[in-house]
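Novice: Hey, can you work out the whole structure from these sequences and the hints?
Spelled out from the first residue to the last, the chains are:
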Amino acid sequence: MMQHLLSVVTFLPALAAVVIALLPQGRAALVRWSAFLVAAATFGVSLLLYVRFDARRADYQFVEQVRWMPSYGISYHLGIDGISLLLVLLTTFLTALALLSSWRAVEVRVKEFAVSMLFLETGMLGVFVSLDLFLFYIFWEAMLIPMYLIIGVWGGPDRIYAAVKFILYTLTGSVLMLVAILALYFQHGGVTGTYTFDLPILARYVVPAGIQVWLFLAFALAFAIKVPMFPFHTWLPDAHVEAPTAGSVLLAGVLLKMGTYGFLRFCLPLFPTASLTFVPWIFLLALVGILYGAWVSMVQPDLKKLVAYSSVSHLGFVVLGLFTLTPQGIVGGIIQMVNHGLSTGALFLLVGILYERRHTRLIAEFGGLWQVIPAFSALFLIVSLSSLGLPGLNGFVGEFLILVGTFAWASRLPAAAPLAYVVPGLATLGMIFSAVYLLWMYQRVCFGEITTNANRGLADLTRREWAMLLPVLLFIVWIGVYPRPFTGMTEATAEALIAQVQSKVAVAAAGPTGR
Amino acid sequence: MSKTVWLIPFFPLLGTLLNALFGRWIGRHAHWIAVPALGCSFLLSCAVFLKVWRGETFTGDLFPWIQAGAFTTAVTALVDPLSAVMLVAVTGVGFLIHLYSVGYMHGDSGYARYFAYLNLFVFSMVMLVLAGNFLVLYVFWEAVGLCSYLLIGFWYTRRSAADAGKKAFIVNRVGDTGFALGVMYLWVALGTLDYGAVFSRVGALSPATATVIALLLFLGACGKSAQLPLHVWLPDAMEGPTPVSALIHAATMVTAGVYMVARSHALFERSGVALDVVAWVGGITALFAATIGLAQTDIKRVLAYSTISQLGYMFVGVGVGAYAAGIFHLITHAFFKALLFLGAGSVIHALGGEQDLRKMGGLAPRMIPTTVTFLVGAAGLAGLPPFAGFFSKDEILASAYHRDQFWLWGLLLVGAFLTAVYIFRVVFLAFFGGPRMSKQIAQHVHESPLVMTFPLGALALLTAVAGVVGIPSAQGTAFARFLSPVLPLAEETGGHGALSAYALLILSVIVAVAGVLLAWLLYSSRPLSAEAIGRPRTWLHALVFNKYYVDELYGVLFVRPLLRIAGFCASAFDLGFVDGIVNGVGRLVVGWAGSMRRLQTGYVMNYALATLLGAVAIVGFFLSR
Numbered sequence: 001m002m003q004h005l006l007s008v009v010t011f012l013p014a015l016a017a018v019v020i021a022l023l024p025q026g027r028a029a030l031v032r033w034s035a036f037l038v039a040a041a042t043f044g045v046s047l048l049l050y051v052r053f054d055a056r057r058a059d060y061q062f063v064e065q066v067r068w069m070p071s072y073g074i075s076y077h078l079g080i081d082g083i084s085l086l087l088v089l090l091t092t093f094l095t096a097l098a099l100l101s102s103w104r105a106v107e108v109r110v111k112e113f114a115v116s117m118l119f120l121e122t123g124m125l126g127v128f129v130s131l132d133l134f135l136f137y138i139f140w141e142a143m144l145i146p147m148y149l150i151i152g153v154w155g156g157p158d159r160i161y162a163a164v165k166f167i168l169y170t171l172t173g174s175v176l177m178l179v180a181i182l183a184l185y186f187q188h189g190g191v192t193g194t195y196t197f198d199l200p201i202l203a204r205y206v207v208p209a210g211i212q213v214w215l216f217l218a219f220a221l222a223f224a225i226k227v228p229m230f231p232f233h234t235w236l237p238d239a240h241v242e243a244p245t246a247g248s249v250l251l252a253g254v255l256l257k258m259g260t261y262g263f264l265r266f267c268l269p270l271f272p273t274a275s276l277t278f279v280p281w282i283f284l285l286a287l288v289g290i291l292y293g294a295w296v297s298m299v300q301p302d303l304k305k306l307v308a309y310s311s312v313s314h315l316g317f318v319v320l321g322l323f324t325l326t327p328q329g330i331v332g333g334i335i336q337m338v339n340h341g342l343s344t345g346a347l348f349l350l351v352g353i354l355y356e357r358r359h360t361r362l363i364a365e366f367g368g369l370w371q372v373i374p375a376f377s378a379l380f381l382i383v384s385l386s387s388l389g390l391p392g393l394n395g396f397v398g399e400f401l402i403l404v405g406t407f408a409w410a411s412r413l414p415a416a417a418p419l420a421y422v423v424p425g426l427a428t429l430g431m432i433f434s435a436v437y438l439l440w441m442y443q444r445v446c447f448g449e450i451t452t453n454a455n456r457g458l459a460d461l462t463r464r465e466w467a468m469l470l471p472v473l474l475f476i477v478w479i480g481v482y483p484r485p486f487t488g489m490t491e492a493t494a495e496a497l498i499a500q501v502q503s504k505v506a507v508a509a510a511g512p513t514g515r
Numbered sequence: 001m002s003k004t005v006w007l008i009p010f011f012p013l014l015g016t017l018l019n020a021l022f023g024r025w026i027g028r029h030a031h032w033i034a035v036p037a038l039g040c041s042f043l044l045s046c047a048v049f050l051k052v053w054r055g056e057t058f059t060g061d062l063f064p065w066i067q068a069g070a071f072t073t074a075v076t077a078l079v080d081p082l083s084a085v086m087l088v089a090v091t092g093v094g095f096l097i098h099l100y101s102v103g104y105m106h107g108d109s110g111y112a113r114y115f116a117y118l119n120l121f122v123f124s125m126v127m128l129v130l131a132g133n134f135l136v137l138y139v140f141w142e143a144v145g146l147c148s149y150l151l152i153g154f155w156y157t158r159r160s161a162a163d164a165g166k167k168a169f170i171v172n173r174v175g176d177t178g179f180a181l182g183v184m185y186l187w188v189a190l191g192t193l194d195y196g197a198v199f200s201r202v203g204a205l206s207p208a209t210a211t212v213i214a215l216l217l218f219l220g221a222c223g224k225s226a227q228l229p230l231h232v233w234l235p236d237a238m239e240g241p242t243p244v245s246a247l248i249h250a251a252t253m254v255t256a257g258v259y260m261v262a263r264s265h266a267l268f269e270r271s272g273v274a275l276d277v278v279a280w281v282g283g284i285t286a287l288f289a290a291t292i293g294l295a296q297t298d299i300k301r302v303l304a305y306s307t308i309s310q311l312g313y314m315f316v317g318v319g320v321g322a323y324a325a326g327i328f329h330l331i332t333h334a335f336f337k338a339l340l341f342l343g344a345g346s347v348i349h350a351l352g353g354e355q356d357l358r359k360m361g362g363l364a365p366r367m368i369p370t371t372v373t374f375l376v377g378a379a380g381l382a383g384l385p386p387f388a389g390f391f392s393k394d395e396i397l398a399s400a401y402h403r404d405q406f407w408l409w410g411l412l413l414v415g416a417f418l419t420a421v422y423i424f425r426v427v428f429l430a431f432f433g434g435p436r437m438s439k440q441i442a443q444h445v446h447e448s449p450l451v452m453t454f455p456l457g458a459l460a461l462l463t464a465v466a467g468v469v470g471i472p473s474a475q476g477t478a479f480a481r482f483l484s485p486v487l488p489l490a491e492e493t494g495g496h497g498a499l500s501a502y503a504l505l506i507l508s509v510i511v512a513v514a515g516v517l518l519a520w521l522l523y524s525s526r527p528l529s530a531e532a533i534g535r536p537r538t539w540l541h542a543l544v545f546n547k548y549y550v551d552e553l554y555g556v557l558f559v560r561p562l563l564r565i566a567g568f569c570a571s572a573f574d575l576g577f578v579d580g581i582v583n584g585v586g587r588l589v590v591g592w593a594g595s596m597r598r599l600q601t602g603y604v605m606n607y608a609l610a611t612l613l614g615a616v617a618i619v620g621f622f623l624s625r
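Chains as they are written, first to last, in this note's numbering: chain A, 1 to 515; chain B, 1 to 625.
Rather than coming from a laboratory, the hints here were simulated on the basis of the structure.
Do not rely on the hints blindly, as some may be mistaken.
Computed far set for chain B versus chain A, every beta-carbon distance over 12 Å [unchecked claim]: (1) Met1; (2) Val88; (3) Val102; (4) Gly410; (5) Gln443; (6) Pro472; (7) Ser473; (8) Leu504; (9) Ser525; (10) Ala532; (11) Arg537; (12) Trp539; (13) Asn546; (14) Asn606.
Covered by chain B, per the in silico footprint, the following chain A stretches (three or more residues, Cβ under 8 Å) [claimed, not checked]: (15) 364 to 374; (16) 391 to 397; (17) 418 to 430; (18) 443 to 451; (19) 485 to 494.
Label-pair restraints from in silico Cβ distances [what the hints assert, rightly or not]: (20) B:His29 to A:Ala21: 49 to 59 Å; (21) B:Ser109 to A:Arg463: 24 to 34 Å; (22) A:Arg357 to B:Phe577: 33 to 43 Å; (23) B:Thr4 to A:Leu47: 32 to 42 Å; (24) A:Ile138 to B:Gly567: 41 to 51 Å.
A virtual CB, placed ideally from N, CA and C, is assigned to each residue, including glycine.
Specialist: Right under this line is the structure:
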């Protein structure tokens with residue numbers, strides 16, 4: 001089993017989903033329990049990955065490679081490094097929590113829901129572990145189907161519009177990416193004679209600069225939509241508002257990371273020259289995203305929309321960090337992906353708890369909740385503080401490293417240096433605005449007098465809700481206080497990536513093509 | 001020493017955890033955890049202080065913290081004379097205020113929560129003082145801001161309290177952002193954040209870089225220490241329980257900025273310009289806040305503006321290079337301001353929550369211990385000899401004068417006069433004259449219990465005697481000599497001023513006494529009606545009464561535009577423009593497909609025609625080449 005650990009982790013949920021699909025109708029409790037236990041087991045197995053991961057190595061580990069369609073250079077190639085390890089763990093962790101959160105929230109088609117969730121998990125894991133572009137693309141697209149169903153079947157009143165918008169937006173980007181993957185395949189094959197979709201092989205090849213630009217743009221659009229970066233973000237609020245809590249948790253917690261993961265895994269190593277060329281534009285969009293997302297969050301009347309727009313702001317930080325191409329920026333970016341998954345995931349869980357009790361998410365409907373449900377309010381406060389980057393909690397570690405990385409990036413620029421410091425300067429403003437919208441929201445929900453009678457009888461957290469929130473809280477504090485076990489996993493890979501990008505840029509600058 | 005040092009923050013942290021997790025069951029017994037926890041911290045701080053007195057110092061890492069590439073930091077503590085003095089002051093004053101809170105907060109429904117927050121605050125403040133590098137300093141810099149948010153908004157059902165907490169956090173965060181940028185720039189410039197390494201390598205910075213970094217750090221200090229233009233949160237912070245105002249917003253947290261500037265003096269000196277900025281911001285704030293204090297009618301607000309003003313004095317001290325004088329004033333101020341706030345709390349307690357000076361008066365005979373101790377505090381603040389404030393304030397004035405900063409000296413001298421006026425205005429309005437409160441309240445006026453008056457007595461004693469260590473001599477004060485390993489002794493340069501040290505001393509006393517006399521003349525020499533107090537009669541009075549309309553100005557300049565931008569982005573731009581394009585593309589595709597559908601008529605004739613036209617076009621194209 002140990003040789004196939006990655007395959008086991010990736011396909012365990014899908015296999016279980018098949019079995020659960022065969023269970024008789026109407027056994028809701030059995031379905032819930034078995035789905036949750038499978039997800040928990042998957043998390044358990046994925047912990048083995050963490051334990052056996054060698055943080056000093058920068059290359060892929062737990063590699064599995066099987067010939068699949070050799071005539072087209074396609075293979076079943078899996079492996080993880082410091083970039084994907086934490087994202088795999090985040091996925092297995094959040095899926096288990098998401099299933100726990102839907103215990104009461106999903107009452108109809110329970111079996112179908114569990115099956116969709118587990119297939120979704122396999123799809124998400126597949127994206128993070130694939131080392132073959134063809135395989136990657138299959139997972140990338142396959143994952144959309146269960147998510148589409150989760151929003152479209154178990155969503156809110158406007159779910160069809162949201163689900164269609166979600167899938168059309170994403171497809172637009174991924175179709176272009178498919179074209180770019182094929183173009184890369186033929187370009188590489190034409191020059192080297194080896195036609196392959198294998199990522200490690202392709203990553204060694206230096207694409208001619210003129211072609212790089214177009215391939216980069218096609219990949220980047222797909223990822224920018226997924227992140228989502230301004231101005232490709234408008235699918236996100238709709239999808240979140242309509243999705244059930246479990247869907248929102250995975251959407252924000254994992255799916256958005258596929259965009260930033262894509263930048264890191266594909267754009268930077270495959271098209272380094274183009275990536276560097278577009279850094280100013282990417283920074284511009286990231287900064288606009290940071291500030292714009294925060295401003296729009298500020299005036300949202302709906303809790304879920306507020307959290308959704310805050311993701312635009314937070315993910316802007318991540319993109320900023322990755323493209324600084326400094327160890328601090330990249331490590332910070334990866335950690336911030338995890339942090340955002342935890343904090344925003346927890347925020348959606350908490351909003352879901354309120355929604356289950358009141359069937360509304362409008363901020364104006366709440367107020368004074370601390371008097372009624374103090375435990376909920378205390379956790380809500382801690383999670384909000386983590387989201388606004390309070391030192392001592394997880395969000396700070398990522399944000400600070402990213403900003404340090406941005407500073408380091410600016411200090412290395414030769415001539416236009418003073419202007420470059422505008423980037424960290426503006427990004428830091430995002431920290432002020434995040435405090436504004438989160439604390440204002442928190443005040444209107446939990447402080448003040450109780451204004452709505454329906455809130456007087458609210459029940460505080462149940463044992464199940466404690467069970468799903470406490471683990472998140474544990475990580476929020478752990479990463480904040482002692483981040484070494486997490487950042488340490490990513491450092492070697494981050495530095496190797498930077499070296500790879502720099503050497504490829506140098507090669508590209510030296511000659512028109514090269515191997 | 002390592003264990004002793006780390007145990008100092010450990011006890012309050014443990015207290016926080018116990019009261020936070022088990023507060024539901026601990027309830028009204030919460031102080032049995034919180035107060036001893038702080039007692040332990042205080043005793044340990046004293047032990048550490050004695051070791052430092054004997055010449056020991058300590059630096060040590062607890063564990064490695066944020067690391068990535070060349071960026072490495074650890075949770076580091078540094079104990080030297082400066083941090084030792086701060087530790088004793090923080091835990092000592094903190095302990096007395098914890099004790100006082102047992103009486104003041106008695107019966108509050110959030111009793112355990114209150115003590116959990118209060119312990120958390122002391123933990124954060126202790127760590128801020130212990131920090132051995134700029135990152136740890138920054139972390140607890142923000143953490144005390146958080147505690148402030150929690151404690152100001154402690155009575156969260158009150159809209160004004162929740163608003164004030166939020167305002168404190170956000171205004172502080174504006175400053176913190178500057179601080180964070182400064183820290184990052186420092187790392188980029190020097191490759192380290194450890195105090196020792198930074199201060200020894202400071203010479204490698206160009207003065208321009210040092211200026212930028214120092215000013216960014218000072219922006220953080222302006223936020224935390226409530227200096228212009230970020231002072232607006234502190235007066236509103238009075239929404240919190242009074243002991244909190246005493247602890248956080250007077251005695252300890254707000255002094256963090258002064259501490260930071262003194263600690264980083266090497267960096268500020270490298271810049272030069274930055275030190276002048278510190279001094280001038282301090283001087284202007286000192287006078288600015290003192291004038292506002294003259295006109296306020298809420299007893300806690302007077303004290304709040306007084307705090308802002310006194311912090312300005314401290315910044316002048318460190319800004320003109322008299323670091324020890326600034327820190328000395330920080331310590332004496334911690335004593336007498338905590339005393340004044342706790343005294344005010346005792347008054348408010350006696351009056352059933354009344355904070356309005358217009359509804360006080362004549363309390364002296366009914367509350368003798370409170371009155372006497374409050375008078376001591378007022379004398380300390382006004383700078384009357386022989387109380388501690390006299391020595392510390394005068395040293396700052398003298399330092400400014402001897403460094404030829406005559407304008408600053410003038411500002412502070414006027415400020416000292418106003419200080420004496422406004423604080424004795426409070427004394428006369430609250431404790432003397434005829435009572436102006438309602439009959440029912442007047443009947444219930446009573447002295448506070450011993451658990452509250454004991455801290456008053458202890459602080460009064462400290463205010464009375466602490467000046468001893470600040471008596472100037474040829475080698476500087478005893479206090480400055482103790483701090484000299486960290487803070488260089490002020491050189492007696494013998495400036496160009498005509499006045500000798502003794503003349504300055506006498507001038508200070510005259511100014512203070514004149515202030516007291518003026519206050520007596522205005523507020524105690526004749527009976528006053530409640531309506532006559534604090535009602536603006538001239539435009540100048542209205543300007544000061546309304547705090548120079550700074551809050552209103554910020555509302556117009558920042559708050560409302562921000563909300564307008566946010567509203568515009570959320571509705572017009574995001575939904576209208578961006579989503580409009582998206583939906584427009586969608587409609588365009590559907591519409592286009594719809595019109596294309598009409599081409600698919602199903603008539604073979606039409607298709608044949610189209611084929612023919614196409615063929616003609618292709619042939620035509622090739623023929624025309």
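Novice: If a hint holds in the structure, say so; if it doesn't, say that too.
Specialist: Hint by hint, here is what the structure shows:
1. Met1: holds, 24 Å
2. Val88: At about 25 Å from chain A, Val88 (chain B) clears the 12 Å cut-off, so the statement holds.
3. Val102: holds, 23 Å
4. Gly410: Gly410 (chain B) clear of chain A: closest Cβ-Cβ about 36 Å, beyond 12 Å.
5. Gln443: holds, 31 Å
6. Pro472: holds, 40 Å
7. Ser473: holds, 43 Å
8. Leu504: Non-interface label on Leu504 (chain B) holds, nearest chain A Cβ at 43 Å vs cutoff 12 Å.
9. Ser525: At about 45 Å from chain A, Ser525 (chain B) clears the 12 Å cut-off, so the statement holds.
10. Ala532: holds, 35 Å
11. Arg537: About 37 Å separates Arg537 (chain B) from the closest Cβ of chain A, which puts it past 12 Å; holds.
12. Trp539: Check passes; 34 Å lies beyond 12 Å.
13. Asn546: Non-interface label stands for Asn546 (chain B): nearest chain A Cβ at 25 Å, farther than 12 Å.
14. Asn606: Given that every Cβ of chain A is farther than 12 Å from that of Asn606 (chain B), nearest at about 32 Å, it holds.
15. 364 to 374: It holds, with 3 qualifying residues against the three required.
16. 391 to 397: holds (count 4)
17. 418 to 430: Since 4 is at least three, the answer is holds.
18. 443 to 451: The restraint on the stretch 443 to 451 of chain A holds, since 5 of its residues have a Cβ under 8 Å from chain B and three suffice.
19. 485 to 494: holds (count 4)
20. B:His29 to A:Ala21: 49 to 59 Å: holds, 56 Å
21. B:Ser109 to A:Arg463: 24 to 34 Å: Holds: the Cβ-Cβ distance is about 26 Å, inside 24 to 34 Å.
22. A:Arg357 to B:Phe577: 33 to 43 Å: holds, 36 Å
23. B:Thr4 to A:Leu47: 32 to 42 Å: holds, 39 Å
24. A:Ile138 to B:Gly567: 41 to 51 Å: holds, 43 Å
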